[in-house]
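S.K.: Residue numbers (the numbering used here), protein chains in the order written: chain L, 528 to 973; chain F, 354 to 692.
Everything hinted at is true.
Calculated cross-link-like contacts (lysine-lysine; reagent style DSBU-like; alpha-carbon spacing at most 30 angstroms):
(1) L:Lys581 x F:Lys679
(2) F:Lys684 x L:Lys648
(3) L:Lys875 x L:Lys744
(4) F:Lys679 x L:Lys651
(5) L:Lys581 x L:Lys648
(6) F:Lys684 x L:Lys585
(7) L:Lys747 x L:Lys651
(8) L:Lys581 x F:Lys684
(9) L:Lys744 x L:Lys958
(10) L:Lys651 x F:Lys684
(11) L:Lys648 x F:Lys543
(12) L:Lys737 x L:Lys581
(13) L:Lys958 x L:Lys648
(14) L:Lys651 x L:Lys744
(15) F:Lys684 x F:Lys543
(16) L:Lys747 x L:Lys735
(17) F:Lys543 x F:Lys679
(18) L:Lys747 x L:Lys585
(19) F:Lys679 x L:Lys585
(20) L:Lys958 x L:Lys581
(21) L:Lys651 x L:Lys581
(22) L:Lys651 x L:Lys958
(23) F:Lys679 x L:Lys648
What the simulated footprint calls covered on chain L by chain F, stretch by stretch (three residues with Cβ under 8 angstroms from a Cβ of chain F suffice, anywhere in the stretch; the number is not a length):
(24) 586–595
(25) 613–622
(26) 628–634
(27) 642–653
(28) 692–700
(29) 918–928
In short, the hints are calculated from the structure, not lab data. No residue lacks a Cβ here, since even glycine has one placed at the ideal position from N, Cα and C.
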Amino acid sequence: MDLDPLWLSRLQFALTIGFHFLFPPLTIGLAWLLVIVEGIGWRRGDEDYVRAGKFFAKILGLTFVVGVATGIVMEFQFGTNWAEYSKFVGDIFGAPLAIEAIFAFFLESTFLALYLFGRDKVSKGVHWLSCLIVAIGSTLSAFWIIVANSWQQTPAGYTIRNGRAELDGFAAAVFNPSTSIRFLHVFTACLIAGAFFMAGISAYLLLKDKTSEVARKTLKISLVVAFLASLAALFPTGHHHAQEVAQWQPEKLAAMEGLIKGQENAPLTMFGVPKENPPKLDYAVGIPGMLSWLAFGEMDHYVAGMEDFPEDERPPMVITFLSFHAMVGLGSFFIGFTSLGILLLICKRLYGAWWYLWLLVLAIPLPLAACEVGWITAEVGRQPWVVYRLLRTADAFSTNVSGGEILFSIIMFGLIYLVLGALYLFILVRKVRRGPETSAGEETQP
Amino acid sequence: MMDLNTTWFLLIGVLLTGYAVLDGFDLGVGVLHLFATDERQRRINLAAIGPVWDGNEVWLLTAGGAMFAAFPPVYATVFSGFYTAFMLLLFALIFRAVSIEFRGQVDGPRWRRFWDRTFGLGSLAPAVLFGVAIGNVLRGLPIGADGSLHVSFFALLNPYSLLIGLLSLAMFVMHGAVYLAARTDGELQKRMARWATGAWAGFLILYVVATVATVFVSPFLFEPIPHNLLAWGLCLLLLGAVVSIPVMVRAGRFVLAFLASAATIGSMIGLMGVSLYPRMVPSSIDPVNSLNIYDDSSTQRTLTVMLVVALVGMPLVIGYTAYVYKVFMGKIVIPKDGY
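Bound conformation, chain F alone (with noise of 0.2 angstroms):
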């Protein structure tokens, strides 16, 4: 039986997976439709993501709400140590989330045109800083023995951090361009399947080079991996996903390249996990002074409180968030009014 501790560890990974996978492909779009050719492509575009960001954006807040209640101190150190890159990201996202709806508002090219770079940016910073934040968390962060943590802007966008960077931005591009293509029809869904293809490259590439750079950079991490059978499991599947993704998009079977994407995604998540557990942030400074899921948790009976919300409401969620995907899915038609 798993403890809470490590039941509440699963479930924030579960939730930051779920996040990745779904605001993801609107994150990818957003990169993409700085590339976007025409008119008709850019309200594609919003159309593809337009009834789904909102709620899709709601699992990075489900995230953060969850990470608050259950590991309070890593909620605090974390996001106060990353104060200005966090601000950063908040930034983009409050463009990100208006550009979307302001866009359509006024019919002006120059409106558009301005709208559609905030738009752009404000999806490509995110996709970078989340990598950056990743990078910055897998190379150990210099906490010290009252868990207290001050890093600088700058010294967040080391050389591996934005390597880890550069991969999230490949591997969201990617993710969205797979779910573009699944979305269209004709010319435009052969330029977002060679789009797919070619972040796919350059994502494999960055991964094998990350991969490398974390043996020298934090080889601890790769300890957990050769006795842990998930770990295996979850190797596994991320090879067969991502060996998976070209041949699909290939083969013109973009759903399921979508999938074999949103598992690609979810697996490199997880193996994460595994390698940190039960570390959620490692320090540089000393491995001792490390943030921990048994020392920096809430308390058993708020854990046991929380697992029985998300318990009762994620399954709602995923249900109704299954039936309105079900609704708004499909190839996309350019609505009359709106995006």
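With the rest of the complex left out, here is chain L (with noise of 0.2 angstroms):
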């Protein structure tokens, strides 16, 4: 068999960062949580949630050593497997990975440990305030990585001089046309994970003690947040997302759509088959104008469609389709789902709804699902190209590298990641079983 170096790195790519994704929105969204529960533990002097705030800051702990652990990877893969794609952007692209680590990377790890370690040997207010720095911190650490892969997605701030691209304005590239648009909808994501995150387990605590006062305070704020975030995640943000797609990468909205011929008064695809080779959709059913309208505002704007474009210009249209309508599926099920927690607060049915209850433990996984569909789209619909209309993906990798030597780091991986993936979730469930300490200090079974 012949080893690809180009799809062996590809499939690294994919395997080593989908695998640290899931760690860093769930650390972001829970971070913020704990901002507010840390913040009315301290202001209010309640018992309940600095109990709370032990519980879930040993949690925020454990996620954030394995994002951190598996993002080492990140920070250097660009140079080991896409040397010739580095060489073409560094001038542009290393910036935003040494910003975020200077102004992110140093304040969450060094805040992390204050907020963790430093309960009892600081103020209740430094003590909160590193808590808040962590959170910011982390999210700054989305906005600069945001900002690296929103420049591939819509470069700007460039010229193409010496081989490579050289940077003309600073602030053009990092404020690229997709740049503030994207991080805000990641960011809504994130508080999504965190927040299904913390209600999973409040859920969780209450079906084992219906009494437990901690766990009715944070699934309470949780569930306020995740409806929030829900409902942000689909408008203004997914919203305007798609618009900013529809504007600067029209093939990728075209594949994401399953829209094969460009057309005015386009519709937006409710249900459909998606094939390659050439690009079709099967039983589509869709309602007319509504794709037109939802991405320019006029029914009768021209949308372009897949053959509209050359044929090696084209994203793979299945994945992206697919992965694409997964992550709206989901989303709107997020704003159903959580509408439906609200209603149950209001009508204060919440906390003896044991089979709601059991759903909100099962749904933890799913913002993380949302998560990867949403970047595989992103990801999967900028192809062929890894710098868009700039750089092909086939002309990026390491060309010293061989098939054989990528095998073996990809087979090191894989393997790594399946172990920390199960110790994570054995170590994680431990945690969450032996529950909050109880008024006493102790914790509720040894």
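Both chains are given apart, each in its own frame, so use the hints to dock them into the complex.
M.R.: Here it is, written out as structure tokens:
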């Protein structure tokens, strides 16, 4: 078998970042929820919130470490596997990574230590502040990595000179057309992930102990955040992100929506079975004019279809279409599901609705699945380019690394990540089963 | 006035020094962890670095990011050229990171024993591999005229580079032992002082041997030394620092010994920088192919932007890092939960 270094490097990148990307959304979302929980605990002196803070802080610490451990790879993988890419974009792309380290990694790791280990060493105000800084630091980290990725999607502020992309305007490169909206959309997704995580764990604690005040309080907060963030993920952030894609990456929009022929009055696909080579959509059911209206605000606006683009510049439609629709489906479910929870909360039925609490537990992984398919939509929808219309993925990999070497590292990472994932779940479940401290300062189970 | 390329060469040196000084003691503690005799000492080892190792490791990520931003071809060539070695290094760093976190999670002797070993080996491997990588750079790498580089993993394990690997191992063990001695007392402190002195002796011998070996392997590295004032200053600093370490350890002045150990690491990296400048990676095929700070850098605009970022960001980082260290330093008390 011929080992193709390009495909293996793509597989390795997908594997390593796909696994890594399970953890930062949880960390970011949970950190912001802890800012609220710890803030109430500190200002009101409410012991329940303090106990909740201690409990979820441990879970944050665990999640953070796995995120850090798997993230180290990301900082170096551009050089190891994508050397040609690194040489071509380094003048622009390296800066956000370095800035992320200087302004975000140092901040979050240093203050996380103070937050986790400094509870009895610093004042309550400083302790809360360290929690806030962890949340800000992890969010800044997301911002700078999205700056880097958005530049790949909608490059700006550069000139091609000396066989590479050279920086013209730093602000233009950082705030390229897609940065802001993509950051906001991802940030809402992180809040959903963190809120579902806290809500699911709180629901489990309530199922075990109906009287747990700690669990009631964290469930209420996380459910409200989950509801608001789910709405914001659809509108305004999701909607405007799609409009941005329609304007700047029309072939990605065509692949997402399964639009084959460019047309005015373009339909919004409600159902369809996508096929590749040539792209077509079978059994399509759609609302006429809806896509034109959503993407451009006018029913009769022209929307480009797959056939409007040269064959060698079309993204793979099946993966893009399916992952996009999976994300939209999950997002819609989050809105409906959390609305129901809010309704139960208002009717004062929430804490006794065991069936709903169980669904909350089962729903914990769903926002992470939504993050993954959203990211797949963004990245696969950009193919065949690694930098949109500037550099093809096929021209970006390290030509001096052999397929065998990459296969070795894929197997190695595959095994480590399998072990790490299993251990993370094992320890997480143990921590959750033990539950928060009771008022006597003891944990509920030995 | 220093040009931007030189400034960035210097800054990356500073970042690497920050990493070696800070995460260096974490690595040293990790290696010493393999030789810990009882559970109490193991708990102390972990508590000693628990709150700080993660921030320390960010220095490495920052150095990597800065290398990418300032010298993209060097970042691309070296990391892809060292592919397998680098993957093993990442593997070790991942395991070390999670070992520290996972070890205290389950209260069983076999569980703890396992993570003790992965923590120790996950520290030992980077402590050696960093030296091996530097040894290969000092030796010169087979960089072609087109800037391409490919070295098989086993070719990296040549005698000279392994010697530098042992040197860096001895250096980190010494640094970690001094750090632990400063943060403990009683019998454990005495034990760590003995380790520090022993590692120091090993370090000294290896350093002399490595210097002689370098004269034969890469004589060009010594060319800039005689007529460079900075090099003389660094030599004096190195000499003074190396001599002070055992004196301070014997006197029980462990904080000073730690500073001397840090100065040793810093002046060694500094001397290496002076020897290499303006090259970053010498080519063993033809000196003309060497990667250097002028031909293999980002544009002046990017270097300027990044310099502003570094000048604003790094003082902040150093400030709050110092604050958090102040909160956590002092003699170690084994925490109730956590490590």
